[in-house]
Amino acid sequence: MSAPPVERTDVEVESRDRAKPRRRLDPGRAQRLGLLVVIAVLVISFGSASSAFYDQQLTIFPLLRDISILCVVGLAQLAVMSIGHMNLAVGRMAALSAMVMGLAYQELHLPLYAGLVLGLLVGAAIGALTGWIISATGVNSFVVTLAMDFVLLGLVSLVYAQFTTSAAFTVKPAGMDELRKYSLADVCLGPVCGSPAVPQLFLFTVVAMLAVGWLYSRTRVGRELLLVGSNIKAAQLSGIPTGRRVIGAHALSGTLAGLAGFMLAVTAGSFTATIGSEFMIPSFLGPVLGGTLLTGGAVSVIGTLLGTTLTQVIRQGLTLLGVGLESLNIYLGAILLLALSTGRIRTVLSERKARTSR
Amino acid sequence: MTTLGRFLPPGAGRIRRFARSTEMTLAAVGVIGFVALAADSHGSLLQGNAVRGILTYLSVPILIGLAQLVVLAAGQMNLSVGALGGFLSVFTAALMADHGVPAPLAIGIALLAGTVIGAGNGILVVVTRINGFIVTLGTMTILLGLQYRVAGTRTIDAGSAALQRFGSMSLLNVPTIFMVALVVAGGLAFFLRRVAAGRRLLASGGNPLAAELSGISNARSLVLAHTLSGLIIAVAAVVAVASAPGVNKSIGGDWLLPSFAAPIIGGAALAGGAVSVLGAVFAAFIVRLVDLARAQYSLDPSWVNFTVGAVVLGTVVIGRIQEVRQTRSRQAKPDTASQSTNSTVRSPA
Amino acid sequence: MTNSRILETAPPLLAAERLVKEFPGVRALDGATLTMRAGSVHALLGENGAGKSTLIKALTGLHRPDAGTLEVEGRPIVLNSSADAVRAGVAVVHQERNLIPEFSVAENITLRQIPSRRGLVDREVMRDTARRCLDLLGLDLDIDAPVKGLSVAQTQLVEIAKALSTESRVLLLDEPTSALTMAEADRLYDVVGRLRDQGRSILLVSHKLEEIFAHCDTVTVLRDGSSVLEAAPLSSYSTDEVVDLMVGRSHTAVQFAPRPTPTEGPAALELDGVATAGGHQDVSLAVRRGEIVGLYGLVGAGRTELARAILGLDRLTDGQIRVNGEPARIGDVRSALNTYRIGYVPENRKEEGLFLDQSLTMNIAVTVWERIKRAVGYVPRRKERDLAADYTTRLGIRSAGTGQQVSTLSGGNQQKVSLAKWLAAQTEILIIDEPTVGIDVRTKAAFHELIWNLAADGLAIVLITSDLPEMVTLADRVGVMREFRIAGWVDNDDHDYGTVSRAVIDLIHAREPASEPTIVRRHRPRPDHPGRQARDSTNSSSVLRGLSSGKQCGETRWHVWHRASSHRCRTLAGWRFLGDVRRGGFPDRPFVLATERRG
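Residue numbers (our numbering), protein chains in the order written: chain A, 150 to 507; chain B, 118 to 466; chain C, 25 to 623.
Please keep in mind that the hints were generated in silico from the structure rather than gathered at the bench. Hints are not guaranteed to be accurate.
Said to hold, decoys possible - Below are the DSSO-like pairs computed for lysine-lysine, each with C-alpha atoms no more than 27 Å apart in a straight line:
# : chain 1 : residue 1 : chain 2 : residue 2
1 : C       : Lys-172   : A       : Lys-382
2 : C       : Lys-407   : C       : Lys-397
3 : C       : Lys-172   : C       : Lys-397
4 : C       : Lys-374   : A       : Lys-321
5 : C       : Lys-374   : C       : Lys-232
6 : A       : Lys-382   : C       : Lys-374
Stated by the list, open to error - Derived list of chain B stretches under chain A, where covered just means 3 residues or more per stretch with a C-beta under 8 Å from a C-beta of chain A:
# : segment
7 : 248-259
8 : 370-378
9 : 412-423
Every residue, glycine too, gets a C-beta built ideally from N, C-alpha and C.
For reference, chain A alone in the conformation it holds in the complex:
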């Protein structure tokens, strides 16, 4: 991957350029700014409530590790959301890729990164197959990915049952343990070392974000994906190969899901069939909170990171405050609904204001 251009450091894409860029904040950017403020407030208040929240080893490190994984999951969903589709099989695609990696390490004794590449290829392939079925049949992506989820759920369990006794591939290739434990403190450029609070896995997320952000903001294919999400008929009549773009978006989704599966497996230390079973909800939370449209045509990579961060900060903070695991979901769900409702409230208010000011 080539280095991203440096004129703008963010990799967010808002394909709806602003009509008046200087005078008013566009809703997408306002949303991201709002997220940032909320995250900051939460971090400060959790920190003041419990100083353990700032503990680099015990809190920040695992927090960032979770954010890293779930942000990639969010990007996997974002890839299909850009064309107005959904991928309900995102977790199971992660499981499939992880399974292939585990199989590769155990049976073929591949090195860490060779196995990763193989797993990503399988993820891309299953995504492409899903995309192909959708574009060939014209059936709603929801149905197709749901069915694919069933298929993979069965398939993955069957393969684990076939090859293992404990339903897990436990052979660890060289470097896997280090990847789990090491932070940026272990990455040094001469005398300057990174923070011990940031896990090395975060680098995978950064690479994924840069790649996806660059794709959507700077390349032809990315723009064409957004246009397919915007109006597929017009896209076809403008010479965009819509079938190939649909397949491509799903293949990208599969690849990113595979990467997330790998990261989770590295964190957990083994490759199991349950990898990815918790991915579905966060995969939507991140992008949707961050301003990616379910209907397609607009995506925000930075927003996905912020959305994911928000949910994980809440999760981590509440856990620290002694809120039981069982209650976490209640708060998370409530916050999701609240956060999305504020957008609606804001539109209603601004519409009303516009009406009265005239």
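Since the structure of chain A is already known, use the hints to place chains B and C on it.
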């Protein structure tokens, strides 16, 4: 077509339409599959308690399929089917076990709670105007948390002998809880076919703009659909409590996917407006058959998911091929040319 | 007539007084007044964007006016929903198709008031109502069949039946005949006439002025959201006067400087005996650079489908397409664009031409990314933006910048964006399909000039339009399509409307020779049975001869009537109005002529 219809007795068209319908195909598949399985089991599948077993464990799949179907009819989705069912199950059981609430009252409270939560989903969708998918994703998360909070790590035994008896009772080898499911299915079918409110609900799902222009309140339809969904889930939860020895925090966790599978295999369009209660019931039966076959040949349980997924994929692909063929044959006769339906179905926004 | 005069003393059935409706950034209604009386057909006219649709939505409870009053039979009323309007006795047929595809015909017709007893749908009443409404229209449909299997025209008629179902005293018809054949339109107007005789009031919105003049009694003209003509008797206005009121100034035909038409070299695009899977047979045509070749025909003659076949969206079963003399194999739009430099501006810009929720830049640059991309598909933003800005200026697209969302532009500017992407792509062959549908008269003229200049700059243009004056203004040659074949060619070197239009019409109807002309009748605001007039008329053959020699075209208004060729159509005693030759309404069947001397 129009002229031909006039020479046939009224109803003949309907019969012909039914013969070609998805329901008929599903019924045929179900019967053939069952006969094959029964023959291969040397008749043991036809014995009283085997039939009872099959039907008992068919009730919940039918009910959750119907709960999803009524929302699909209005062009929405309900991701909280499993979470709400799970929560209501442990809630009902806990009412009886922990607080000594008598079974009829507990059931009443459960049905009421399901209805209210369903209505809450609907009202949230209408008021916030957020995609129903996301709203129910949110309530799903909340309900999962509530379920864990109520159940904790224990398995709750409702401890009501009356309820247990009701759960295992059967008439001529047909379990009462299966009859409950059939009654709900019949009621829902009647509601969607004959009741004005049901027709309005379907109209909202089929073409919201047209419905609005015809003086139909889409908001009311959406709330109604989600409310009914909540009520049906509550019935499913009660059935689950009655038929299982105990419920825990994992109940309902595997309800979401089957809830979509039944109506979709049964011929529901995700775009709304077109659903088939009968089809969903047959589809649930077919899924149950797959499970039976799995048990009969002692295969890994994962085969069930794999097969169901493959069947859904197969259904959509075949359905699409048929549609394409129909459009082609229609194109060949320009007289009857009609607008081909939009092939890229967007998820309902 | 005396009947209606008595009724005028009664309060109007529906009266809208000085309605104002504002949307962010635009005042859609600005003092619109409309008075509809019992027993009359009222025309509502106005350019696109004049506020007709907004007014109709205000009258049916879909928009709440910000100011102004509504009265039904003299009583003030506030409509909050479409259900309120139904209750107040106002029924409407909207422009958009508004049926539930999965529901039966009967159920769709009765959807506004589902017949029910104690909450249960009463099927018998439903079917009876549906059958009664369909009988009114003389329609024979299977009322139990789902609507999704019907043709476009049939669904349109079902919509009208639906509007009739509520026994409303006021019926609003927004472009009711746009999808109908002449025979179907006739049947509709027959019903409209009967409803008027029953004392109802009908509002008719139509772009087809011929229909308006043939069937309406009074007229209200909207311009920029306010009424410039209020409930005036239509008979005291001529078509030109009404058009002047709509436009706000006298309009004149556009004349362009002649442009050289090259005859040398191979054609840029050539079709040779092309047959397609869609049903085209033996289609041959050739367009040179700098030439505008028109394709005229009725809706459904296969013109858009031919364009799609050229773009590779439909399979060729026979014949050959040549680009610059070389045989071309076009598999999809991408290869049409990149390999053969063919662009297509689709007829339906909102659905097929534009990405409404995206910026101008995205919309214009979509075709050039392939060209300006660098390694690994990198598209330099500045280059893309500059290109978009360049074409925005060149085509005179009014916007706040290239970042503006296209949905916020006006129709004319949107159409320019739809065209701009093909110019940016540097296409050499451009197929333009119905470029000025839904565009106001002023912008239309500018658009014609633009297309003319594109050809002068060396583009080969295939122009598909159903607007014959537009065709005559622009095209060098006109190919007339009929039933997926080219029926013939008309040279249009001197752009003379009279001769060309007649030749074109002859070609369209070549298969069924015109019946013996028998009717001569005067132009009247509302025709009675022309058949009756025919008996009074003298020798009409001489009039037709006069027309065909072009002698009287200048000072005579020609009305074209068609004798229904079969027993199916008995409306207007076997005759129906087809159009006014000079204003561009055209018959699609054998026709006879009726005339009226002006002045």
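Taking the hints in turn, this is what the structure says about them:
no., hint, result
1, C/Lys-172 x A/Lys-382, "21 Å, holds"
2, C/Lys-407 x C/Lys-397, "10 Å, holds"
3, C/Lys-172 x C/Lys-397, "44 Å, violated"
4, C/Lys-374 x A/Lys-321, "56 Å, violated"
5, C/Lys-374 x C/Lys-232, "22 Å, holds"
6, A/Lys-382 x C/Lys-374, "10 Å, holds"
7, 248-259, "holds (count 10)"
8, 370-378, "holds (count 3)"
9, 412-423, "holds (count 7)"
Hint compliance for this structure: hints 3 and 4 are broken, all remaining hints hold.
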